[in-house]
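**Student:** Taken in order, these protein sequences are the chains called A and B.
If you use the working numbering, the first sequence corresponds to residues 1 to 286, in order.
If you use the working numbering, the second sequence corresponds to residues 1 to 754, in order.
Just so you know, the hints here were simulated from the structure itself, not pulled from any lab data.
Calculated lysine-lysine pairs in the DSSO-like style (CA-CA distance at most 27 angstroms, straight line): (1) B:K27 <-> A:K37; (2) B:K65 <-> B:K279; (3) B:K668 <-> A:K257; (4) B:K249 <-> B:K279; (5) B:K561 <-> B:K540; (6) B:K390 <-> B:K308; (7) B:K68 <-> A:K37; (8) B:K199 <-> A:K257; (9) A:K245 <-> A:K234; (10) A:K286 <-> A:K245; (11) B:K59 <-> B:K168; (12) B:K127 <-> B:K102; (13) B:K313 <-> B:K436; (14) B:K65 <-> A:K37; (15) A:K207 <-> A:K286; (16) B:K580 <-> B:K567; (17) B:K390 <-> B:K313; (18) B:K102 <-> B:K174; (19) B:K580 <-> B:K503; (20) A:K99 <-> B:K27; (21) B:K199 <-> B:K668; (22) B:K440 <-> A:K281; (23) B:K561 <-> B:K503; (24) B:K127 <-> A:K37.
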Amino acid sequence: MRYIRPLSIEDAVGELAKAVGPAAILAGGSDLLVRMKGGFIEPELIVDIKRIGGLADITETADGFRIGAAVPCAVLGENKALRQAWPGVVEAANLIGSKQVQGRCTITGNLCNASPAADSVPALVAAGAKAVVAGPSGKRTIAVESVPTGPGRTSLAKGEIVEAILLDKRPEHAGDAYLRFIPRTEMDIAVVSAGVNLTLDDKGAIKTARVALGAAAPTVLLVEEAGQVLVGSKLDEATLERLAKICSGACRPIDDKRGTIEFRRKVAGVLARRVAAIAYKRAGGK
Amino acid sequence: MNFDPRFSGRKFASVGTRPIRPDGIDKVTGRARYGADFNMAGQLVGRILRSPHAHAVIKKIDTSKAEKLAGVKAVITAKDLPDLTDGDAAMYDILDNSMARKKALYDGHAVAAVAAIDARTAREALKLIEVDYEVLPHVTDVDEAAQHHAPLINDQVFTEGLEEKPAKPSNITKRTQFGHGDVHAGFAQADFIVERSFKTEQTHQGYIEPHACVASVNPDGTADLWVCTQGHFVYRQHCAQLLGLEASKLRVTSSEIGGGFGGKTHVWAEPVALALSRKAGRPVKLVMTRDEVFRASGPTSATSIDVKIGAKKDGTITAAEATLRYSCGPYAGSWAEIGAMTAFACYKLENVKTVGYEVLVNRPKTAAYRAPSAPMAAFAVESVVDELAKELGMDAVDFRIKNAAQEGTRSSYGPVYGPIGIGPTLEAVKNHPHMKAPLKANQGRGMACGFWFNFGGQTCTDLNIGMDGTVSLAVGTVDVGGSRASLSLVAAEELGIDYSQVKAVVADTSSLGYNDMTDGSRGTFSSSMATISAARNAIKILRERAAQTWDIPVEDVVWEKGHAIAKGEKYGNLSPLSLKDIAAASGKTGGPIAGHSELVADGAGVSFATHICDVEVDPETGSTRVIRYTVVQDAGKAVHPTYVEGQYQGGAAQGIGWALNEEYIYGKDGRLQNPGFLDYRIPVCSDLPMIDTQILEIPNPNHPYGVRGVGETSIVPPLAAIANAVSNAVGVRMTHIPMSPPRILAALEAEREG
Numbered sequence: 001m002r003y004i005r006p007l008s009i010e011d012a013v014g015e016l017a018k019a020v021g022p023a024a025i026l027a028g029g030s031d032l033l034v035r036m037k038g039g040f041i042e043p044e045l046i047v048d049i050k051r052i053g054g055l056a057d058i059t060e061t062a063d064g065f066r067i068g069a070a071v072p073c074a075v076l077g078e079n080k081a082l083r084q085a086w087p088g089v090v091e092a093a094n095l096i097g098s099k100q101v102q103g104r105c106t107i108t109g110n111l112c113n114a115s116p117a118a119d120s121v122p123a124l125v126a127a128g129a130k131a132v133v134a135g136p137s138g139k140r141t142i143a144v145e146s147v148p149t150g151p152g153r154t155s156l157a158k159g160e161i162v163e164a165i166l167l168d169k170r171p172e173h174a175g176d177a178y179l180r181f182i183p184r185t186e187m188d189i190a191v192v193s194a195g196v197n198l199t200l201d202d203k204g205a206i207k208t209a210r211v212a213l214g215a216a217a218p219t220v221l222l223v224e225e226a227g228q229v230l231v232g233s234k235l236d237e238a239t240l241e242r243l244a245k246i247c248s249g250a251c252r253p254i255d256d257k258r259g260t261i262e263f264r265r266k267v268a269g270v271l272a273r274r275v276a277a278i279a280y281k282r283a284g285g286k
Numbered sequence: 001m002n003f004d005p006r007f008s009g010r011k012f013a014s015v016g017t018r019p020i021r022p023d024g025i026d027k028v029t030g031r032a033r034y035g036a037d038f039n040m041a042g043q044l045v046g047r048i049l050r051s052p053h054a055h056a057v058i059k060k061i062d063t064s065k066a067e068k069l070a071g072v073k074a075v076i077t078a079k080d081l082p083d084l085t086d087g088d089a090a091m092y093d094i095l096d097n098s099m100a101r102k103k104a105l106y107d108g109h110a111v112a113a114v115a116a117i118d119a120r121t122a123r124e125a126l127k128l129i130e131v132d133y134e135v136l137p138h139v140t141d142v143d144e145a146a147q148h149h150a151p152l153i154n155d156q157v158f159t160e161g162l163e164e165k166p167a168k169p170s171n172i173t174k175r176t177q178f179g180h181g182d183v184h185a186g187f188a189q190a191d192f193i194v195e196r197s198f199k200t201e202q203t204h205q206g207y208i209e210p211h212a213c214v215a216s217v218n219p220d221g222t223a224d225l226w227v228c229t230q231g232h233f234v235y236r237q238h239c240a241q242l243l244g245l246e247a248s249k250l251r252v253t254s255s256e257i258g259g260g261f262g263g264k265t266h267v268w269a270e271p272v273a274l275a276l277s278r279k280a281g282r283p284v285k286l287v288m289t290r291d292e293v294f295r296a297s298g299p300t301s302a303t304s305i306d307v308k309i310g311a312k313k314d315g316t317i318t319a320a321e322a323t324l325r326y327s328c329g330p331y332a333g334s335w336a337e338i339g340a341m342t343a344f345a346c347y348k349l350e351n352v353k354t355v356g357y358e359v360l361v362n363r364p365k366t367a368a369y370r371a372p373s374a375p376m377a378a379f380a381v382e383s384v385v386d387e388l389a390k391e392l393g394m395d396a397v398d399f400r401i402k403n404a405a406q407e408g409t410r411s412s413y414g415p416v417y418g419p420i421g422i423g424p425t426l427e428a429v430k431n432h433p434h435m436k437a438p439l440k441a442n443q444g445r446g447m448a449c450g451f452w453f454n455f456g457g458q459t460c461t462d463l464n465i466g467m468d469g470t471v472s473l474a475v476g477t478v479d480v481g482g483s484r485a486s487l488s489l490v491a492a493e494e495l496g497i498d499y500s501q502v503k504a505v506v507a508d509t510s511s512l513g514y515n516d517m518t519d520g521s522r523g524t525f526s527s528s529m530a531t532i533s534a535a536r537n538a539i540k541i542l543r544e545r546a547a548q549t550w551d552i553p554v555e556d557v558v559w560e561k562g563h564a565i566a567k568g569e570k571y572g573n574l575s576p577l578s579l580k581d582i583a584a585a586s587g588k589t590g591g592p593i594a595g596h597s598e599l600v601a602d603g604a605g606v607s608f609a610t611h612i613c614d615v616e617v618d619p620e621t622g623s624t625r626v627i628r629y630t631v632v633q634d635a636g637k638a639v640h641p642t643y644v645e646g647q648y649q650g651g652a653a654q655g656i657g658w659a660l661n662e663e664y665i666y667g668k669d670g671r672l673q674n675p676g677f678l679d680y681r682i683p684v685c686s687d688l689p690m691i692d693t694q695i696l697e698i699p700n701p702n703h704p705y706g707v708r709g710v711g712e713t714s715i716v717p718p719l720a721a722i723a724n725a726v727s728n729a730v731g732v733r734m735t736h737i738p739m740s741p742p743r744i745l746a747a748l749e750a751e752r753e754g
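Bound-form chain A, shown alone (with noise of 0.2 angstroms):
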């Protein structure tokens, strides 16, 4: 096994596409390490990314915030600015593992890791967070959705690594908000989970809104449907019940030890309500 440090992320691409065997991206390590331990991996080559210039750091930009590959979940609970602007995705990555795993994982590393049950994703999917992924032939930005495309596998080419994840800028009347359900209260996997990102009108009616489920199919969902039966509503009874309905509707959960089809799809409707209610409130609707 090898272990590189580079310092470029044009270093890391280039170790990365022109690796034989398997070979292996280390930020924070809380997925790779464990799996590494439980000898389900064993790679040949390990690129660590925390030394590349910029990926350590949360940048705000003219169009909103830039997040380094690097940057550990609880990082992103310490910036102020962040919490303000997008308090979802920051609960959502402040949810993950413990405290300890907080201090190390990313949410590109949750992103990457194509769990459907990644606690930052629905968060992220919801608010319609970007990856900047750079690679062998230059750079591209994406829609993080369209990352992973079923569990433990992504869209990402050879020798291609996520450098960021890019939020837009908040307007006026905005929030988002992430539930996941877990039997306990922390130190747990979601089994299903939902987040919810709203803009409001000037009357307090929902004027855009992206829904989105965790653990209730092969890759995070983003349920337009969810989103449009908001639009237009100030989030009354009968909205949420048929938001509840589209929710539970749109999973394609399987039996696991985790939970069962039913249970999944009644909770998904139950945790969408509840989340949109979250999230309409930060928007500052009444």
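Chain A is already provided as a structure; the job is to place chain B on it using the hints.
**Tutor:** Chain B alone, transformed into the frame defined by chain A:
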């Protein structure tokens, strides 16, 4: 030894205080040495190859490629652990469980092992071992395994305990029955009868420290084993027998223990480590991973239990009956038998009958888990008791008080009780402020009772008085919950000195006589008895030395508050001699001063507890939070009240996890789906409320200080107390443990749909 173990009703100076434990600083600073913290020069890394199949014939194992890998020093299979058990069926099962001989009987069953220079080489070597399996049909569910058409796990098993030997083999190894009276006549007298069936899933003790040992077999036939265990003397016996060693030549040292709860009472990896070391000629360290601990150590039984109880309108129970089926893993056990004994132990019953069936399944061999088998039986019985109280229109506590066992009651499992604590714990609960606290919407309160036998057993201690007047206490019961502090208090009490002058250690198997392991809540009960006896023997010598110094008859010397005192007016001018004075002079008065004790600690007093629990259930998700919890339990005498409270809280915490989320989940392929703490959900700190405790002290007449065991009873009531609370919160009777959110939500949906 003329040791009088009877309760004396003395006043205490040290016992009942709460000093800091002697092992505390090492544990909080990380300096304490657990199983994996021991190392030897030239030590190899041992790793075990495990069956991926739930049930399979091992047709052939080819280790040749692994043996050729550079860095591999030994590869072993069952051939390297020849059968020396000489017809001892229980030992044969331990041998077969340590290394499968003909068939792999569960996912995770050891089939081969390697010792190599490092972990990477050892892992690589495991991949090079080729095992040719013939996969057989398997069964993991206790009810399915009990069916006559189920896949047979062992075709030599013909159910014992039936009037006639059955014609065909089955997975039911034994039937046992307990009780007295005539239940048919009893049910005929009942005005109300409640009958229900229950299931509980298999759980693991969840100790934080995985099994770990270092084994070193020397060319001269001696061997050393450093190991994390609840009973190093028992490990010595078992390993010596399996390896063909003389017990005296195998020295076993117990490390600090990161939890056991019954799970470290059996050998698994230790005989393998010794066999690897014998073959390699070097020390071998073997540490199980968490995955291995879940798949291949000893979880508790999964159960299926039917209960029927009848009562008159006035609340008198007229008859009680239970049928209990407990999974044993693939080897015979007596788990249902214990469940059948404990099921109705809390009650005074004229007509009672319990029947237990031991069921083989393709899961790891069941081991003890804190009051083994009792929590499941209590869950089923206490659920029906609660429901019957409701049918009768009686308060759940009053109904239990009316039917509670008392001194002189013939227990449902046979013996007649002495003074016991079930009535007092119920009265304490009835008067506890927790019972009167208001509840909010979606909240419910439940209570339940529990019983455990407690054990005594073989015990040996040494008490040595140093020339500076401090005392070394060597005990042979592993300290799993603060017993070194408690036993030091007992030595200080008996000798009349300060706690700080006593230092207790757990001695290795070559330094002390045989001790049974720390199980059955016997650690403090039995070793305190032996410590009192040893201290009294030392006091006899101290009095002799004082008499010799004073040149007076020893009969005229008494021991009071740490001093020898010359009794009678004629000795008025003799100043008392302190323990320190006598110790300082010991070199000139006859040499070292010590007290020894070896005994069988009989008369472990039975133990009872009653728990109260409040829960809040989210009706939309089935999520349950325990919001308040109170444990009331009889300790006989709390030697160190802080550690007694710790035992009460620990049992309740484990019970909460078991009740709500913990379970072994097997796939259709017979493989364990959740061998890790992510998906085997023990409670985390924030899942639990502060668990309140109330210690009652109803003295055990068979112990000088009145001590009863306290470690296990606390896990008996929680499953039932929480199930009663959840049932009261949601209005649906919960009959399947764990009450995980999907199960609760499904029960609620079923109720809504009628």
